[in-house]
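**Q** Each chain is listed here by its residues.
Protein chains: 2
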Amino acid sequence: MRTIGVLGGMGPAATLDFYGRLIDLLGAGSDEQHPPCLLNSATQIPDRTNHIVGVGPDPTPALVEGVMVLEAGGADFIAIPCNTAHAYLEAMREAVGIPVLDMIAAAVAAVRRDVPDARQIGILATTGTLTTGLYDRLLREAGSEPLHPKEADQASVMEAIHSIKAGNIGPDERLERTAMTLVDLGARAIIMGCTEIPLGLDTERLPVKVVDATQALAEMTLSLALEELGFDDVPVGLLPESSPET
Amino acid sequence: MRTIGVLGGMGPAATLDFYGRLIDLLGAGSDEQHPPCLLNSATQIPDRTNHIVGVGPDPTPALVEGVMVLEAGGADFIAIPCNTAHAYLEAMREAVGIPVLDMIAAAVAAVRRDVPDARQIGILATTGTLTTGLYDRLLREAGSEPLHPKEADQASVMEAIHSIKAGNIGPDERLERTAMTLVDLGARAIIMGCTEIPLGLDTERLPVKVVDATQALAEMTLSLALEELGFDDVPVGLLPESSPET
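In the order they appear, the protein sequences are chains A and B.
Under the numbering used here, the first residue of the first sequence is numbered 1, with each subsequent residue one higher.
Under the numbering used here, the first residue of the second sequence is numbered 1001, with each subsequent residue one higher.
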């Protein structure tokens, strides 16, 4: 088995959720049947959205240090359950010699798999993720049209995300309402493109398919750890060109 | 804040439970208000009980490697949410220059705090933990009398622990029944002295106070991380004599 490296803490509850999914996805087994996992809950990384919108310090040095700790500790590859942190993916990839998965690409691959015919795709994500266009570019390359919430709705999404980060786990009306505005705008699927959102959105109440970036990353991570997939099998865009042959 | 090191994976669900308690104990806050945590889910460590009862390989080298990874990664101290692994505590302490907390001593301190007048204390733990007498010595030093389940009941406790490790989270009748046999033998409190047991015992159904070793370790860990406690403030027995002054 490969040793999983997880750069987390953005936020801690989302990291807990991600690790729980790795355990649940494996299903029954003894301790030893679970892949080893080194998890760096690096909670002191400066807020990603604040930097992207120009009101906070650059998180790049802390993110780079975070992945270097994982490589030094024996991780064979790295997953980062924070969509917004992927704005800094290239800097992290350059800092280590092991593959760093691309959660955004994993989520868009799940969109293509789960809702191949949906053209307009709504995105629930941080303002940082939306500002950088992380999802927009890949969705357009896949032939889809990304839909963002209107400004006032996006402000309420950020309020909900901060509330979840502050410990308020459970359905948040602001997320459901904003998802419905995206459906009203024509979205035929919704991406949960922030790792706090699955902790605050009751997807059963929405009339469209919801694609969960956390789950897409967890599935990819476990398949690589169990060596069901080689790094070469991972869809294009998930890994840097320099990733090791396996 | 101090960086927490967690040597986990024994098993993964118990580690998830422990990390969740650290998050819950802190309560509301932004990402940055949570202490950083490096978590080594070292699932490949050979089974502790199997070694103690003489039917499996020695886990000491893997445990020592596990704590060394945490020290090298920047942890300021280490918590190990696996009671049975504490049979190897001295070897782990000797391998690193940072404090390694003693979960057993933390649990016995919680017994003294929560049920100061209870003389007979029942222990639900692995056969490995019971065989090594980890709890017995400290309980007797505290003036209590440890009670172990009878052999057939202990076999059913191990079945329940393996079932929980295999993913069957939720009340397990075997644990409740064995806890009741300890009460019938005179126990006025029960220690959940294995990190799987809180995942399978409905403590509300027992007529005596239940002390949870996982919670005792989590409280100690968070207080140290938040620098509410110095290493010198930790009760005697929780730290090696060589622990750093703070």
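Derived by calculation from the structure, the hints in this document are not laboratory data.
Take the hints with a grain of salt, since some may be wrong.
[Stated by the list, open to error] Between beta-carbon pairs, the in silico distance windows are:
#1 1029/B x 209/A: 48 to 54 Å
#2 167/A x 1232/B: 27 to 33 Å
#3 205/A x 1114/B: 50 to 56 Å
#4 1202/B x 169/A: 18 to 24 Å
#5 1185/B x 233/A: 54 to 60 Å
#6 1026/B x 24/A: 21 to 27 Å
#7 142/A x 1094/B: 51 to 57 Å
#8 24/A x 1094/B: 35 to 41 Å
#9 1232/B x 112/A: 54 to 60 Å
#10 1223/B x 223/A: 25 to 31 Å
#11 1050/B x 169/A: 35 to 41 Å
Yeah, the Cβ is synthetic: ideal placement off N, Cα and C, and Gly gets one too.
**Q** State the violated hints by number, sorted upward, taking the hints as numbered earlier in the document.
**A** 1, 3, 10
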